[in-house]
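2 protein chains.
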Amino acid sequence: MKKVHNFNAGPCVLPDEAIEAGIAALKDFKGTGMSVIEVSHRSKEWEGIMEECESLWKELLHIPDGYKVLFLGGGASMQFLMVPYNLLNKKAAYLETGVWAKKAIKEAKGFGEVEVVASSADTVYNYIPKNYTIPTDADYFHITTNNTIYGTEIKHDIESPITLVADMSSDIMSRPIDVSKYGIIYGGAQKNVGPAGVAFAIVREDILGKVSHYIPTMMDYSVHIKDDSMFNTPPVFSIYIMVQTLRWLKKNGGVEAIHKVNLRKAELLYNEIDRNRLFVGTAAKEDRSIMNVCFVMKEGYEDHEEAFLNYAKSHGMVGIKGHRSVGGFRASIYNACPIESIEALVKCMQDFEKQILG
Amino acid sequence: MKKVHNFNAGPCVLPDEAIEAGIAALKDFKGTGMSVIEVSHRSKEWEGIMEECESLWKELLHIPDGYKVLFLGGGASMQFLMVPYNLLNKKAAYLETGVWAKKAIKEAKGFGEVEVVASSADTVYNYIPKNYTIPTDADYFHITTNNTIYGTEIKHDIESPITLVADMSSDIMSRPIDVSKYGIIYGGAQKNVGPAGVAFAIVREDILGKVSHYIPTMMDYSVHIKDDSMFNTPPVFSIYIMVQTLRWLKKNGGVEAIHKVNLRKAELLYNEIDRNRLFVGTAAKEDRSIMNVCFVMKEGYEDHEEAFLNYAKSHGMVGIKGHRSVGGFRASIYNACPIESIEALVKCMQDFEKQILG
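First to last, the sequence lines map onto chains A and B.
Using the working numbering, you'd call the opening residue of the first sequence number 1 and step up by one each time.
Using the working numbering, you'd call the opening residue of the second sequence number 1 and step up by one each time.
Pairs count within a copy or across copies, as identical chains cannot be separated in the list.
With a straight-line Cα cutoff of 25 Å, these simulated SDA-like cross-link-like pairs (lysine to any residue) come out:
(1) Lys-210 <-> Val-179
(2) Lys-354 <-> Gly-328
(3) Lys-260 <-> Glu-59
(4) Lys-44 <-> Lys-313
I should point out that these hints are in silico values taken from the structure, not numbers from a laboratory.
Construct all of the structure, not just a fragment, from the sequences and the given hints.
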């Protein structure tokens, strides 16, 4: 059972069941007499885990035929590089909605022209740009659906005339998506789908093999597809916990069911922010993320920031300090964050308000 | 306590103490009330683990000033690519001692000319080529010190007139080395230093920054050095178990002490192979690996291979089937493989010999 209210931005809270399964497998993996980190990745026992992992992904996201789900080392940052390596022939289009999008843009520039179709950098990324034009002569259009640091989110599948690539590190599996609208969806696992150490990439196979430059082996999605993410030794334990996390999600009704819970959790917290006389949200209301809730002290109450952080900490809240580029507070309320934690945070905000304003 | 005799080639047997520490940290990490896979990698508790990890490496291998130890995702296969990205301007020299060396060569070819100074491919890599000349006009010379599949090993620090780069995936920390002779030493963790999911790279800083081509961010050792392996979220749990594995090694006398044990373990097994009328070693005697012991049935007894595998399996041996390219048997006897397991395997070989030959 959780001992603190964990609002960490990632690595973050995970289901107790997944952690307990990890402990059991560290002791003995499937009756092999070995720990899960001591078995061969070429054993039938381990191969069963790899197969289950991909099939849970396909089931939970209703992934259509023609897509492969990969599990790779290096994190989303490595995907910033793998995407242009595999797709960028001449030109790519990117939507700049935060620091992670900016980092993805930087990597793409090593491979060709990059057109940034729109950016919200002017207001510290506190909104999602709209009314931009996606150039039809680009090889792909890249978006970051959820912006962890700024608490903004593209909450629907956008229409793109060219291959759509999405970094969904921090909102994958939090809401239903239509995978068929995307060429690649990738992300680090350490929010909704497991611990750090593994990245996922959902790749539509027919978009590959079209670049003219050389692709190094480890950068080549085709290589990993051919070998079912086992071209080299996979990050075993991270994948094991990913499977357990997805099992938990499936048992709890899958993505559709958790989406409803996530909406309720986010509503609860945003309502308090909007009601409370001390706090104000930082993201444009229509773009508010249901995963990362960012807020600051209202004008005139900035001096109470440190005091609120300490007050929340003394009531068991962990990880609510905002990113240094935004300041204030951020509550990351991923799938495994129980509604009780949000209720506890809301109560903290209310009690603190009473303390200050009576 | 170990329930089987684990001779897996990697992932492989790990110290019980390291696994137990992993279990404890999954339950609660340093009294944070969170699992080690739920804490922020930017927390002071986690940063302490990163610092301890590098300092254990430096202490155990007596790494001199001017070197940085990195902990990265992607495995040794990613290092095959990172090495030429960071060092290869015009030409590199490689020693081809097995399939892994060959894979490293393939990646280097994407960046310039590669001179293979010698190869033992002609005899299925059953020896280490000697008497080759290292070209002084190459940017670096790359060796694979231990060849897991073939059971050969370069057991001493070689002299190189140019920057020496070594893949030590499967013999790092098994024997003392003089790090000052190397520019880069790298490897996957999943033999002597931890579970799968993290690679190490010991990098001499003054060899960097000399290539003229563009280096993508995640490929750039300098980026990871600057951020102490935390440019992006590190593979947390794998690093945690690495620290525990190194703590165990330190407690047991360090690399010098384990080297003596490793020599005894290898001698015990090779002596039995040489004595036994049924088996014969596959590697040239002077190049025999102290980590991976490869042997086959003697001529005339090939039909008994399957029977011996089954016999050994029924006596609790795991992972002794040889790699498909060599056939026969392979016992990987890494640091954490207890001498009792080798004694048990030797007894199996003796008992089986009696069964067949009386």
